[in-house]
Amino acid sequence: MPLLEVKDLRTVIRTRSGLSRPVDGVSFCVEAGQTLALVGESGCGKSMTALSLLQLVPEPAGRIEGGHVFFEGRDLLEFSWEEMRPLRGRDIAMIFQEPMTSLNPVLTVGQQIIEAMEVHGTARGADARRRAVESLQRVEVRENALRQYPHELSGGMRQRVMIAMALVNKPKLLIADEPTTALDVTVQAQILTLIRELQREEGMGVLLITHDLGTVAEVADHVAVMYAGQIVENASVQELFARPLHPYTQGLFASIPARARRGYDLSTLEGRVPDPIDWPVGCRFEPRCRYRWGTCAHRAPKFQPADAPHPARCHLYDPETDRPMQGTPRTEQEQAREIIKGGIAS
Amino acid sequence: MIGYLIRRLLYAVPILVGVSLATFMLFYCVFPPRQIARRNLSAKYPTPQQIDAWLVVHGYDKPLGAQLKKHMTELFLLQFGKSDSTGEDINARIRAGAWPSFLIAGLIFFSSLAAQVFMAIWAAYFRGTYVDTWLTLLCVVLMSITYIVFVIVGQYLLGNILHLFPLAGFESGISGFRFAALPVLLGLAAGLGSGTRLYRTFLLEEVNQDYVRTARAKGVPESRILFRHVLKNAAIPIITSTVLSIPSLILGNIVLESFFGIPGLGSYTVDAINSQDFAVVRAMVFLGTLLYIAGAILTDICYALADPRIRLE
Amino acid sequence: MLYDWLFNLIPVAIVIALVLTVRRAARKPLWAEAIRRLKTNRAALVALAVIAIYGGIAFCDSIAWRDDHNAPSLSLIQRTFGGTQEPTYSAPMATETFGEPRPRPLAGKHWLGTDGTGQDVLFLTLRGCRTAMIIGGFTLLIATPLALIFGILAGYHGKRVDDAIQYTYTVLDSIPNILLLIALLMVLGRGLPQLCIALGITSWVSLCRLARGETLKHREREYVRAARALGISHTRIMARHIFPNLLPVVVISTTLNFSSLVLAESILSYLQLGVPPGIGSWGNMIDASRLELARQPIIWWNLTAASIALFVLVLAFNVFGDALRDAIDPRLRS
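Residue numbers (our numbering), protein chains in the order written: chain A, 1 to 346; chain B, 1 to 313; chain C, 1 to 334.
Hints are computed from structural coordinates only; laboratory data are not their basis.
Just so it is clear, CB atoms sit at the ideal spot from N, CA and C, and this is done for glycine as well.
Some residues of chain B that are not near chain C, with every Cβ distance over 12 Å (derived):
hint	residue
1	Tyr4
2	Trp134
3	Arg178
Computed, partial: chain B to chain A, Cβ under 10 Å:
hint	residue
4	Gln209
5	Arg228
6	His229
Assemble the whole structure, with the sequences as input and the hints as a guide.
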């Protein structure tokens with residue numbers, strides 16, 4: 001049984017212009033002892049998915065509309081707020097993107113770490129203090145940080161403190177929402193290595209949310225690619241890097257500067273993510289897809305093949321839709337483009 | 001900290017100089033002293049000798065420069081001299097009137113702070129629900145009622161009709177509390193609306209911050225979040241705004257004391273207004289300014305103590 | 001007679017100016033958006049209607065003319081509601097005088113009763129509208145340009161000009177408002193224009209601070225630097241580039257200040273520093289009611305009428321001011 005199994009999660013937000021659906025049927029699994037990276041660009045709904053797991057969706061505008069979140073077999077969405085509280089910070093811990101604003105500026109680091117233990121009754125007094133010190137040592141932070149305030153620490157140290165605070169109760173699942181995005185590149189690597197080591201030591205599952213494929217390569221065991229509120233591809237990290245199936249994933253890889261050929265323009269994904277208030281009827285990636293043809297705009301692709309180790313949400317891989325040979329563009333314009341490209345290549 | 005205090009006190013000096021200069025220009029230059037003398041002498045058509053004598057007694061006969069010097073030194077040494085209308089010693093009156101005034105002002109200040117923070121926390125806890133909406137509406141309504149009406153109607157209802165409190169007067173010592181009760185209650189009610197609304201805004205600003213989301217993700221219960229996380233952070237703007245309440249405390253005292261016949265500094269000021277007594281009014285203006293500046297410095301210190309990000313050097 | 005009609009043109013001119021300004025503003029996107037948001041806020045619209053009614057009454061009270069060379073000038077309100085003069089107090093809708101050992105019959109019908117001098121309370125309440133509007137409007141007319149000029153100069157030029165202006169307003173601000181008002185009014189004397197000047201002097205500081213802050217923000221913007229590079233004079237930059245950006249803050253601040261000015265008048269009337277009784281204001285009526293409540297049986301209609309009239313106007317301005325602030329910039333909630 002997987003540690004965390006998310007099935008068809010749907011979260012909506014009421015806005016002035018209408019009902020926005022940032023999470024629109026998301027499904028994935030996280031196994032104990034393994035890291036799943038949830039990849040996607042800003043605004044695709046990754047953070048909202050993570051918040052929905054712990055029922056931390058901002059109210060009253062936001063609301064979880066449907067789906068299941070099975071944690072160790074129990075559906076968390078059936079839990080009330082009070083029933084969720086013992087899990088938060090103890091069985092499931094979450095760390096956030098901005099360590100400066102995510103820590104309370106008027107409480108010391110020690111007070112905040114010890115609080116995590118006090119509210120769950122896992123330790124008290126001198127015992128709690130001792131465990132806080134241990135926890136800081138594991139993330140390689142000096143003991144006297146206990147008495148310091150968040151603004152007295154560097155960005156990297158603050159994130160380490162956040163990790164220490166999250167792990168002090170030895171959670172079974174860690175949700176990390178873009179933990180390194182706000183940090184310097186060198187510090188990023190340290191934090192990622194730290195998360196990886198701690199995961200191995202504790203045997204916990206990690207759901208890592210990121211938009212950076214480099215991070216994915218470093219830490220992840222499995223990858224789920226998210227686009228426009230849905231999962232469009234799901235594979236092990238080796239599979240995904242070797243054979244990205246979904247055109248969006250291919251586009252992501254193609255746009256990494258290191259892969260571009262010298263002297264040629266960087267390839268980019270043209271177009272924009274559609275508006276979450278008004279998801280299109282057909283495939284949501286269709287306007288930007290180089291493989292699009294007639295059916296794509298009218299019929300939403302299914303996540304196929306369903307039980308395979310590497311499914312993708314694209315008509316290209318759906319055995320039931322009629323389409324031309326895999327990977328060949330259909331329209332004349334696109335055919336012409338291919339010829340020109342082939343011409344340059346040769 | 002000591003360095004900061006000294007610097008603040010030094011900054012206060014030019015301000016006080018400016019204030020005393022402004023009051024001097026206001027009183028001495030706009031009104032010729034002979035007119036003041038005429039107004040204050042009881043005789044209907046005072047003779048020039050009587051006017052001159054009065055001027056000498058009150059020191060208005062000297063040239064303008066000397067008067068300015070005397071004015072400034074008097075104010076800064078807190079030797080306010082004699083009243084224009086009654087001739088009594090101003091300092092003595094101030095000493096006598098200080099206790100009732102500070103009693104009432106102090107009680108209003110602390111009870112207001114407590115009551116407003118309490119109500120603001122209720123509004124923040126029930127934010128978005130009908131409790132919050134009605135509370136905010138109540139605050140806006142209370143804010144729109146003028147102070148005078150609070151006092152008049154309050155005294156009538158609670159004093160006259162319900163006989164809960166004595167109507168007026170004051171006694172020195174501990175029994176003075178009995179007479180202070182109604183004025184304090186009315187002063188508290190009058191300021192309740194605007195303060196609660198302001199503090200509610202501060203609390204709600206903190207509630208939407210990232211660290212509250214982190215605390216929830218840690219499993220901290222809502223009540224603890226409100227008191228330990230939100231309130232502690234909101235205390236910073238709350239403290240900053242308390243300094244702004246000092247002028248309204250002074251105003252409150254002026255109205256309440258004269259209304260309830262309490263012999264404090266406020267009613268002293270009102271009497272001075274009624275008898276056109278400039279010497280007393282300029283003393284009160286200076287004293288009021290002094291209190292305001294002292295309050296501002298005190299508030300800055302509290303602010304530095306509350307916010308670990310600020311270090312006063 | 002001609003003289004009267006010249007004076008009557010002033011309120012007409014004010015109303016026309018107001019309407020034209022709003023229409024001109026509605027063409028700019030910022031204000032058009034704010035107006036659109038306001039239209040959806042029902043409470044704000046009701047508040048605006050109330051303010052308009054008060055303004056209308058004040059307007060009617062400002063249009064006055066003489067019937068005859070020697071007769072006093074009477075306004076529209078006076079002609080409609082002036083009614084009959086009674087000898088003394090009378091209760092609302094009563095037929096005889098109040099509180100006298102031998103009550104005398106009344107000459108006319110009084111919906112809200114009469115006060116100590118026998119004047120109709122409804123009429124007095126309506127007359128108070130004009131006073132309140134003048135106090136709010138005229139004071140802001142004095143305070144706002146003062147605050148803007150000093151604030152923009154301080155923020156734009158910086159250094160010594162800034163220091164001097166900051167020193168000036170810190171000195172003024174350090175004197176508790178009520179004490180400064182008392183001092184100013186003792187010196188200037190009682191009267192409506194004097195009251196407006198005194199209130200103007202005490203209330204320009206907060207807007208000045210805001211203007212200075214906003215100017216500092218906008219001074220560093222690219223387009224200001226570009227304008228300087230093009231050689232445009234300082235004054236022109238301040239007037240055409242910086243000032244329009246301050247308008248939202250100015251509008252919000254003035255609307256919210258209006259109510260506190262009207263409230264201040266009532267307190268000053270209590271301290272015998274307000275408007276002289278001849279002009280008539282709600283503050284005067286409330287002050288007069290102090291003794292009325294001590295009588296047996298009490299006289300409550302004077303106080304009630306004035307308090308409610310004052311309360312409704314202040315509430316309307318508070319509600320509208322809040323809605324305006326939210327409509328112009330929801331981020332300014334604090």
